[in-house]
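Asks: One letter stands for each residue in the lines below.
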Amino acid sequence: MTFDSQTYLAYRDWVSQRLSGPPQVSVVLPAHNEEARVLATVGAIAPQMSARIEPWELIVADDRSTDATVELLEDLRFPNMTILVGGVDGRDTGMAASTGGGRSSAIRRGVTAARGEFVLVLDADQSALIRQFDSYLRHLTEDGYDIVLGSRSPHRASAGGESGFRRVFGKAVHTLVSAGFGVDLGDPPGGFLLFTRDAAVSLFALQTVEQYPFELQVQYLAGRLGLRIKEVPVDSPDSADSTRDTTRSSLHAIKDLSQIKVHDLRKRFVPGKRSTVRAAVDRQLIPKKKGIPS
Amino acid sequence: MRIRSIPGDGEHLIELAGRFDAQEVPEFRSAVEALLRPPAPVLRVDLANVVFVDSSALAELLRAHKTAKAAGGGVVLRNVSDPVRVILEITALTSVFTMEKTEALGAATP
Numbered sequence: 001m002t003f004d005s006q007t008y009l010a011y012r013d014w015v016s017q018r019l020s021g022p023p024q025v026s027v028v029l030p031a032h033n034e035e036a037r038v039l040a041t042v043g044a045i046a047p048q049m050s051a052r053i054e055p056w057e058l059i060v061a062d063d064r065s066t067d068a069t070v071e072l073l074e075d076l077r078f079p080n081m082t083i084l085v086g087g088v089d090g091r092d093t094g095m096a097a098s099t100g101g102g103r104s105s106a107i108r109r110g111v112t113a114a115r116g117e118f119v120l121v122l123d124a125d126q127s128a129l130i131r132q133f134d135s136y137l138r139h140l141t142e143d144g145y146d147i148v149l150g151s152r153s154p155h156r157a158s159a160g161g162e163s164g165f166r167r168v169f170g171k172a173v174h175t176l177v178s179a180g181f182g183v184d185l186g187d188p189p190g191g192f193l194l195f196t197r198d199a200a201v202s203l204f205a206l207q208t209v210e211q212y213p214f215e216l217q218v219q220y221l222a223g224r225l226g227l228r229i230k231e232v233p234v235d236s237p238d239s240a241d242s243t244r245d246t247t248r249s250s251l252h253a254i255k256d257l258s259q260i261k262v263h264d265l266r267k268r269f270v271p272g273k274r275s276t277v278r279a280a281v282d283r284q285l286i287p288k289k290k291g292i293p294s
Numbered sequence: 001m002r003i004r005s006i007p008g009d010g011e012h013l014i015e016l017a018g019r020f021d022a023q024e025v026p027e028f029r030s031a032v033e034a035l036l037r038p039p040a041p042v043l044r045v046d047l048a049n050v051v052f053v054d055s056s057a058l059a060e061l062l063r064a065h066k067t068a069k070a071a072g073g074g075v076v077l078r079n080v081s082d083p084v085r086v087i088l089e090i091t092a093l094t095s096v097f098t099m100e101k102t103e104a105l106g107a108a109t110p
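Chains A and B, in that order, give the protein sequences. Residues in the first sequence are numbered consecutively from 1, following my numbering. Residues in the second sequence are numbered consecutively from 1, following my numbering.
These aren't lab readings, by the way, just hints derived from the structure by calculation. Note that the structure is predicted; figures quoted are calculated from it, not measured. Some hints here could point you the wrong way.
Quick list of the computed label-pair ranges, beta carbon to beta carbon [to be verified]: (1) A:L19 - B:D9: 49 to 59 Å; (2) B:E11 - A:K230: 48 to 58 Å; (3) A:T141 - B:S95: 36 to 46 Å; (4) A:R18 - B:P39: 44 to 54 Å; (5) B:K66 - A:D198: 51 to 61 Å.
Residues from chain A shown here face chain B by an in silico Cβ test under 8 Å; the list is partial [claimed, not checked]: (6) R37; (7) A40; (8) V42; (9) G43; (10) S127.
Glycine included, every Cβ here is placed at the ideal spot set by N, Cα and C.
Construct the complete structure from the given sequences, taking the supplied hints into account.
Replies: What follows is the structure, given as C-alpha cells:
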C-alpha cells in the first residue's frame, strides 16, 4: 500500500530507532505460553502507543513459557522492546528457564526493568484496552492518583443477570473487606494496572507473595502505603473471565486477602522507604528487609 | 464484530468492524462460505474499522484465500487499518494477500 498514516509512520519510527532518552511510558506485558496471540498483541499495542508521539518502551516479561512465545518476539528485533526471559529473584537469565515465579514474578521483573515515568501492566489478552490509555493516564497526571486499576464494569455484571442475592452479598463482602483489610474491594480486576513510577517501585519492591493474585496485593499494599487508587470500569471484549461467578471470586478474594494480611502481620513484606527502594531499583537490586511502614 | 456482506457477480465485498478474533471466526466463515464458490470468486474484505485480529482470524483469512485461490479467485484485503496492517507485517503475511485502498481513504494500489 502506498498510503501511510501518521500512526503507521510513528510506528515505523519506533521499530527503526532506539529511543535517545528515557521513555515517558513503559508497557509491561506478562506472557505465559502466548505464541498464538503475542504477535497480534504487540501489533495492536505498538501503533497505538507510537501514535501518542511520547517516547515509550515495551517490556515483555516471560513467565516460564514452554512454547515459541520468546522466539517469536526475539525475531521481531524491535529496538525498544525488551524481552525478559525466565529467571528467579528478578534476574534475567537470558535464556529460557524452567523456573520462574509465576505471573507476579514476571510482572515484578518487568516493572523493575521499566524506565518510564508511568508504568502500564497489561495482560496479553487485554490489548484492546490500550486504546483508552490516555484516559487512564489522566487520572495520574491530572487527578492526583498514584494507581489506576481496571475492573470489570458494573453494567456487565447487571447485564449478566446478577441476582438480588449476589448484589446484597457483594455489598456485604465490600463492607467486610473494607473494615477488615482496609481494602476498597470493588469489581473484579480487569487486566491492567497503571502506576506512577514511584508507586510502581514502592509496591513491587514489596511484592513477595507469588501465589496470591497480584492485583489484590496491590490493593492491600497501596492502602498500607497511602497510595491513591482509581478504579476504572473496563468493558473489554477479550476479557476471558466475563462470566466469572462474582460470589465465588469474592470468597476467593477474602481468602487471599486473609493470607496476605497474615503475611503482612508476620512482617514478611519487604520495606519501606521510597527513596531507598527507588535507588535500589534504579540499580536493578531488590532491597533488604526492613519492615513495612505503618 | 459487525459483518456486512455485499454479494456481487463473482466479486464480493465483506465489511468488518470491531475485533476479529477466535470468537468471531464461525460467523465470518458462515458469511463468506457462499461467496467463495467457483468460478473464480474474488472476495474483498474491508478492514478499515477492524481494530484487532488474532491468530485465529488470520488463519481464517488464509483459509478463505486458499479456498478462493483453489477456485481460481482470491481474497483482497481492502483499507487495512493501522493495527491490522502492523499485525500482518509482523506475522509476515503482507506478501500473501493482495491489499488495496479505496479512493476515499488513499491512493489505490493493487
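Asks: For this structure, which hints from the list above don't hold up?
Replies: none
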